[in-house]
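Fit chain B to the supplied structure of chain A, relying on the hints for placement.
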Amino acid sequence: MADNTAVSKALQVLERQLNRPLMAALQVCARCGVCAEACHYYVADGELEHVPAYRAEELRKVYRRKHDFFGKHLPNWVNAQDLDEATLEKMAEMAFSECTLCRRCTFNCPMGVDTPLMMRALRAMATASGKAPEILEMLADAAIEKGKDPAMFRDLFVAQVAEMEKELQALVGDPNARITVEREGARVLYVALAGAHTILPPAAIFWAAKEDWTLSIYEAANYGVFLGDTARAKTIASRIIDEAKALKVQEVIVAECGHACASLVWDAPIWFQEQFPFRVRSLVEVMAEYVQQGRLPLDPSANPEAITYHDSCNLARTSGIYREPRVILNAVTTNLREMTPNGLENYCCGGGGGLVALPEYDDKRMKAGKPKVDQIRKTGAEIVVAACENCRLQLGDLNAHYSMNVQITALADLVVKAMRLPKSVAVPLPNAAAVAVGE
Amino acid sequence: MADPIKPDQILDLKGLLCPMPVVKLSMAVKKLQAGQTIEGIATDPGVMADIPAWARTSGNELLSIEQQGKEYHFIVKKTA
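Keeping their order, the protein sequence lines are chains A and B.
Just so you know, we're using this note's numbering here: the first sequence kicks off at 1 and counts up by one.
Just so you know, we're using this note's numbering here: the second sequence kicks off at 1001 and counts up by one.
Bound conformation, chain A alone:
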């Protein structure tokens, strides 16, 4: 049949993905509806199709058709359904634009049903059958292409870093402050995102903590993860893993980025079936450790504004990193105002799962972000801190769309602003307010 190519590819991927956790998720649901209020999409508009159990049921129908006795022989009795191309397209759109894989439903489900795991399986099915958003594929492929020949961009990157090094020296008041690139034998390999804004502030923090670090030439972002495409995700992650092994570092520190951290810490060891010879941590964990060890000269009065912290779903729920940001914020600010709920129960900003990079879903994204906007407004905060690039992009868009009149910033920016650096000069941090320090 004409439409069977895409459908059969999708079904083959579903069969390949069927491990015990996914089968459990596909077979278990008490239909209690608790997940409804857990989902920011449902909270935003109360529509039935935004209940996580409803979304899961779309895939369960297809699963039952092949794997349930009654589904095979009397499909109407158990609401089992053959997959056709129109249904596949509808399910693909749902998985990419109506679920940010935030896992709040899983945390609130009395059975622990992992609906995002099912949505990831659907994303993989959609990607294999050519139904994934073109832009996510383009971003993943561009990252893979870029990594094929590092010599093409390495010199340029080193030259850009040399410029940043001058800014670092001015910022910290030390002409000997360095940003080395791929230095063998360094204790730490720091993996940033594109642009100076995730390099310069951490560089100042590493300098203050006297860390033995070097900079990766690769970016931490991994768009293969959003596609549910393990092959692409592995290719992108392998550059960092191989680089860390070659440099013989003891630790890889990932920039403030939720999915990049979660994928390297949790997914990569499974993808590669390997225990890496280095530890992987988020910059957030490392900054908290520096604070607790007293390695940073901090003055919290430098950040007197009303500040709230948005927990990235990938950091808080997937990686358990929700205490560490508070350790940092309590040391670098004087007016922290928590959202309700927060930490593990924090609502997604609406931009996760790669959605922030998909302009065709801007309307849905702004609507799904409304619960977050309401949370922020209730705190009365002037500054919203987020330790994830996706979140910051989404919060910036929400800020403009809903006229929140807040400033969005990263944790590292606040830490640098609070650092007492007597000989430094004012240097505007990229994507942040000017840092005027010194005596």
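Each statement offered as a hint is correct.
From chain A, some residues computed to sit far from chain B (all C-beta separations above 10 Å):
| hint | residue |
| --- | --- |
| 1 | Ala86 |
| 2 | Val291 |
| 3 | Tyr361 |
Here are the computed distance ranges between Cβ atoms for each label pair:
| hint | chain 1 | residue 1 | chain 2 | residue 2 | range |
| --- | --- | --- | --- | --- | --- |
| 4 | A | Arg420 | B | Leu1062 | 42 to 48 Å |
| 5 | A | Asn330 | B | Ser1064 | 45 to 51 Å |
| 6 | B | Ala1034 | A | Glu15 | 39 to 45 Å |
| 7 | B | Leu1062 | A | Asn79 | 49 to 55 Å |
| 8 | A | Ala246 | B | Asp1012 | 38 to 44 Å |
| 9 | B | Ala1034 | A | Asn330 | 53 to 59 Å |
Keep in mind the hints are simulated off the structure, nothing from the lab.
C-beta atoms are modelled at their ideal positions from N, C-alpha and C, and glycine is treated no differently.
Then chain B, alone, in the frame of chain A:
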């Protein structure tokens, strides 16, 4: 010396962070006719590596890319 290329469209990408310059460029190129050119102006230094990689994977032609002070200018020709 060759005449500077006059692009058919200018795309302001200043202030945008990765991956938005590539996303916006990709969307803008889709709307062009084959053979038309577009000049992007960005402030994120990541474009110096990202745009050439995007051009190779998308099949479009990168005619030039250069740093001008704090800005990065590049011209892309839609090939098909």
